[in-house]
Every structure is written in C-alpha cells, then in structure tokens.
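Chemist: Listed here are the chains, written in short residue letters.
There are 2 protein chains.
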Amino acid sequence: MVKVAIIGFGVVGSGVAEILTDNGAGISRKAGDPIELKYILDVRDFPDSPFADKFIKVFDVIEGDPEVNVVVETIGGVSAALEFTERALKAGKSVVSSNKELVATHGRYLLELAAKNKVVYLFEASVGGGIPILRPLSECMAANDILEICGIVNGTANYIFTRMVQDGIPFEEALRGAQANGYAEKDPTADVEGLDTCRKLCILSSIAFGWHLLPEQVPTIGITKITLADEAYADSCGMRIKLLCRAIAGADGSICPFVEPHFVSMKDPLGGVEDVFNAIKVTGDSVGDVMFYGRGAGKLPTASAVVADIIAAVRKHTLAGYQPWQENRPGDVMFAERFASRWYVRLAKGELTGAKKLSAHQVQGEESGWMTGPMTRIDLNAELEGKTVLSVIRVMD
Amino acid sequence: MVKVAIIGFGVVGSGVAEILTDNGAGISRKAGDPIELKYILDVRDFPDSPFADKFIKVFDVIEGDPEVNVVVETIGGVSAALEFTERALKAGKSVVSSNKELVATHGRYLLELAAKNKVVYLFEASVGGGIPILRPLSECMAANDILEICGIVNGTANYIFTRMVQDGIPFEEALRGAQANGYAEKDPTADVEGLDTCRKLCILSSIAFGWHLLPEQVPTIGITKITLADEAYADSCGMRIKLLCRAIAGADGSICPFVEPHFVSMKDPLGGVEDVFNAIKVTGDSVGDVMFYGRGAGKLPTASAVVADIIAAVRKHTLAGYQPWQENRPGDVMFAERFASRWYVRLAKGELTGAKKLSAHQVQGEESGWMTGPMTRIDLNAELEGKTVLSVIRVMD
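As given, the protein sequences belong to chains R and S, one line each in that order. With the numbering used here, you'll find the first sequence wraps up at 397, consecutive numbering, no jumps. With the numbering used here, you'll find the second sequence wraps up at 397, consecutive numbering, no jumps.
Take the hints with a grain of salt, since some may be wrong.
Reference listing, derived: stretches of chain R covered by chain S, where coverage requires no fewer than 3 residues with Cβ under 8 Å from a Cβ of chain S [as the list claims (entries may be wrong)]:
1. 26-34
2. 139-152
3. 288-296
Straight-line distance between alpha carbons at most 25 Å, and here's what the computed SDA-like set of lysine to any residue pairs gives [said to hold, decoys possible]:
4. K3(S) to Q166(S)
5. K387(R) to A340(R)
6. K267(R) to M266(S)
7. K299(S) to E148(R)
No lab work stands behind these hints, which were simulated from the structure alone. Think of the CB as a built atom: it goes at the ideal place given N, C-alpha and C, for glycine as much as any other residue.
Looking at chain R on its own, in the form it has when it is part of the complex (with noise of 0.2 Å):
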C-alpha cells in the first residue's frame, strides 16, 4: 500500500486529489501496488471539499508518517516549497512536483538529495503541463547527442499572440482577455515577460544537456512591446510570432541559451501552434527533429502529469541516474547576441540597407520593415546606429 500526502490544494494539486480518487484502480495496478491519498497539507479550510477529512495544516505530520511514500509538492514558488521538499527527501519520502520555478533553480540539489537518500524527484508537469517531455527527452532519446531545443511553453503568451492575429486586437486588450478566460494570472509579470518560459527551458536544457542552466544565465526578452504593425509584417512572410525558448548545442561543448519573441514560419510546426497550446521541438543528431504537441496548462492535464510520476516513483523509477545534472557551467553559456540568425526589424524612418524591405501594411507615416540577412545581434546594432527602431524581432530558420 502506497499512501501519498499532497502539499498544495490550488488548482494542480485539486486536479492530484481528483484523478487520483477517478482513475484509482487503473493507476493503482499500474504502479502495481494500491495508492491511497492520506493528507492534503493546506493553509486554507476546504470544509465543503469530498476531501475534507484529509487536510492538515502542518507539514510535520507528513514528515513523521512512515506510512507516507510520495509527497506531491504543487504549492509553487520556492520559500516553503524547498523547505518541505528537503524534509520529505531526507525523510525517505520520494517528491513529486509540478513546481517549475524550485526545479530551475534549485534542481541539481534536490536530485543530490534525493539520491542521497535512495528515493526519486520527478517534475514531469513542470514543463508542458501534461505533454510527456521530460522523461521521452531523458529516455527515448537517450541514444542521441542533444543539438537544440525549441519551444514554445507558455500557454497564455501563446494565446494572447493568436487572439492578437485572429481578432485584430493589440496586446493589452488580448492580455485582458486571456485574464477573463483565467489564461492569465491577475499579475501576468511571469507569462509575460519570458520568466516562465525561462524557468522551464532551464529544466529542459539541464535535462538534455546534462548541466544545471540557471535562470540568470538565460537572456530573456518578454513580449509587451510586440504590436499589431509587427504581426501584420509577420503575416506579409507567411510568418507569425511565438515566443520561442532555445537551447542550442555548439561544436565546443557550449551552449546558447535564450527566451525571445521569434518569427516563425507558418510551414514549420511551430508555426502552426495556436491558443494556449505548447510544442516543444527536441533535435537530436541521430533522431533529427521531433515535436511533442498539447496542452501546457490546465488543472486536468497537468495533474495527470502529476499522477505518472506518482506511479513512477512508487516503481522507483527515477531519471537522475540517465543523465544527473552536473554543476553548473558558467564558461560554457554562450552569449544570445553572438547568435546569428536573420531579424525583422521594423524602423520609424529612414532605410536599412542590406536588408529586403517588407511589403507595407497600413503603414503609419514613414514607418517600413526590413528583414535582414543571417547576422549576430551585435553586428544588427552597429547597422542600426542612428536609426529610430521600433521593432526588432529574431527570424527562426
């Protein structure tokens, strides 16, 4: 019998208690031993909840417990997350999280801790919801050597880009729409600014590359300044803008981290990501490119992300020994501006020469947009000197 205690009961460790409670038989025979959930560890009263008998409010009852094998951890952030993780590590607890902002930065240490102590930390949910990701990137694809990661993971910039397109409307009224249909958190600073996205390529990148990536190691660029003019320039190319993190390997042993908004043709499969939906595309040298598609969000999809690690680690299943976090590598991150590639780049006046000009939609003023050759940020900026830029945006090819 394997007796499971959830700390957390918002929206993700809810989705734990409900399928767990749904699909009990299945998912018991699948681990093959019976699961039962003992404990819901919340600050809050839930009196009218079907789990009502299960809440405690200290974490010390888990923790002295021998009966509790897996802790569930979907509280978020890292204060109180990082302490119970510990304490449930060290007390022989295996820890199964959804928590992509503790995994990003405190990763390397807590798989340590956990094969310290002979059990396992899986986070499966932490990256794309329920798309399975982490565990076919860590095994199925183990026999290739990683050369770039290509994502788009966060579900509401994703939806607020393809309202923006389909409806004509600009950015903070899309952003408005994504918070009334609770895509968006009342402070979408996260989702918006890129640190979400940051947070989980930091997870895949440590994973396919086998070093802990940092979030502060990740440039990062948001999409608040992307514009109706923009998409309209995009569409001119048969393109359409994705915010894309990547992670690409160079011939060194370096790699080349970054979160920015991309255009992105419409005839690579990323193109054709819409709504609130992830992809994340994974190249390997022998596999060549492959794509995993679905929901990034959403309590259901993200609880049964939850639930296969649950089984996972009664089956002792971990992925720490198929490719553990080393340290991190400051020395080996190479920098996003000596990444060339070609840019849109949209100014108020004036030429960019060398450039092809893009064909004009309701153009204000003298506004014009130019997508350049294959060049490195750097090089971008010095053609730009003098110039009054109102966009420049990073062309994935």
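Position chain S relative to chain R; hints supplied.
Modeler: Here is chain S on its own, set in the frame of chain R:
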C-alpha cells in the same frame, strides 16, 4: 559489462551498430554499465564492414553465450524473427526489436515469455521510427483513460500524398518517385495497401487499451485509388488527404479500430504533416490531445529508438507492468462501418441528396464532389445505391 548481439544487419541493424560505436560513452553512462557490441548475425557476408570481426552465421553462438545480455532483433518478418526472439528470451536474454509485424502478431505471447524469464521485450522503434511514442503512451499518460489514437504512421504513403498535392502528379508517378528516392520498397504493397499502418495501430492500441488487437481485426483500406480529383476537392474544403490509423474507445468498453484515407482539416495538427513525417495524436481523458511528431523511418532515427531500448533493457526497465496486454477480445471490436462521420463522395453522374456540393475542380464530364453530414458507412451505402460512385473517403472531425 553488457554484451549485445544484433540479428539482421540491414538498414536499422547497421544503424544500431553505428550509434553504439559513435555515441558509446554517453550510452554506457546512461545505462549505468558499459555496453559492447559482441556479435552480428546475418546470412550475408560483409568483409569490408568496420564490424567485420563480429559477424556470425548461426544463432546458436548467441544463444549459448552467457555473456550476451541483450539481443537486438532487426530481421523483420515473422519466421526467423519469431524463432530467434523466443530462443533468446528463453535463454534469459532481453530482446529489443524494431519489427512491427512480429509485435503486432505475437506481441502478447512474447511479452509473457519475457516476463516468465524475468527479462524484457521492448519495441519502441516498431512505431514511429525514432519518435518517442510507446513509452510516453505507457508511462507518461498512465493516469489517463485513453479515448482515441489517431495517427499518420506510414511515411511512404504520406510522401506520396505530399508529392501528388505539391507537384500535381498522379498516384503511380508519385509512387515511382518515392521508390526512386528510397522512400518506398520495390514491392510497395505493405505501405500503399495500409498493412504497415495496420500493424502499427495494433501495437498502439494494445498498449493504449491493454488487450492485444490483431491485424486481421482492423478493416484496412490503402491509398492506391486516391486521385488528383480527390486531392483537388479536399483542397477546396481546406483539407488534405491522409492515411490515418484510428482506434476509438466506446463508452461500453469496446474499441473501433480502422485504417483508411481521410479528409483532414489543415487546421488540425495532423493536416499539416507533410512528406515522410509521422505524427500520432493520443487523446486521454485528463490530458486531452497530445501529439508526437517526427521522422517515422530512416536508418539512424529508427536505430536511435532501438538503442534507447537497449539502455532500458540494461536497466530492466520494462513497459509490461504498466499495461500488460490481455488476451484478444473479438467481442470488444466495434466495426468501423458503424462509426459515424462525415464523408466525401465523388460521383460520375447524378446528385447526392442531403449532401453539400463541393466546388468543382477541372471536372471530367458530369462528375461532382459531395460532403455528407455525419452518418455510418452502412447508411451512406444505402444513399449511394444505384449511383456510379468514383470515390468515398471518410472525413476526420
């Protein structure tokens, strides 16, 4: 030290030898044990191969060598492959296979035999080449009840459709082009008649629903009768023709499996899958739709999936416990003829009442194209009685 024997040095087998050699250090680290290729069994001689010293001609050598822990079966077909797989499993060796025909036909028996001998039988490479699909479906989606499998799993058929649409050439010419480019065999029957797709559906379905679906239970229609007129009508509705394998769960526990060409909206992620690419969409009750996309064939992509399974075999990381295949259940198969959908119909002459007439494209004589409302094939056949029908293609909704 793990010693591996490859049986069958064709495209995939030689790719496995290559990857084991080129990416050896990383593979051994991930397996937690050094992996060494010891034997290659093939009836042919390869005196100039870099692996020339490893070739043998009789299986007894592998069977009798206690050092060999993992046997890679890349022979294909069912006769020798079945015999060698049985003998290897009985001799206590794990077997890793890319052989969809063998798994589709004898998977249940071989999984049981492996379990009885406390070894593993893995076959990730048998569906979707290098695309991770069987393990994510078994493990990452383990908390879901699967509602539908829907996939483009034959690269040859998809390449032929893409050439027909993009180059405006008829089926026969597109097939010859596929053969000239090495995408189709000299005898293309298994690809163009849907048999290969059918076998892959049996494997996907057996994993998703937990009981062994057999190829003879899957109504299978190939692509040889698709014409440019059909492609033009599809285009006029914003659709593409794709050969799909589908298995749909009924509320009563039945499943409805079939392989046939479909009209697929270009707005559906499957509609945009071109050339030799494969994509498999899986619908779970919690996670909703997820899709796995990539190159479904080719030497190194397929071999990389085989090598990932070698690593998993070394770690005794079986899939069987997650979803053991139960006995075949003939009574639980719902006939595709009773599965309602819209239909595209092309008539030589006359009208189809209750259907929408499609805009005509270079119509021959009195030909016309129609889109019906949702109905079963049985009801459609009643409608078509007495008419001269040129094409009937199911629509995916």
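Chemist: Which numbered hints turn out to be false for this structure?
Modeler: 4
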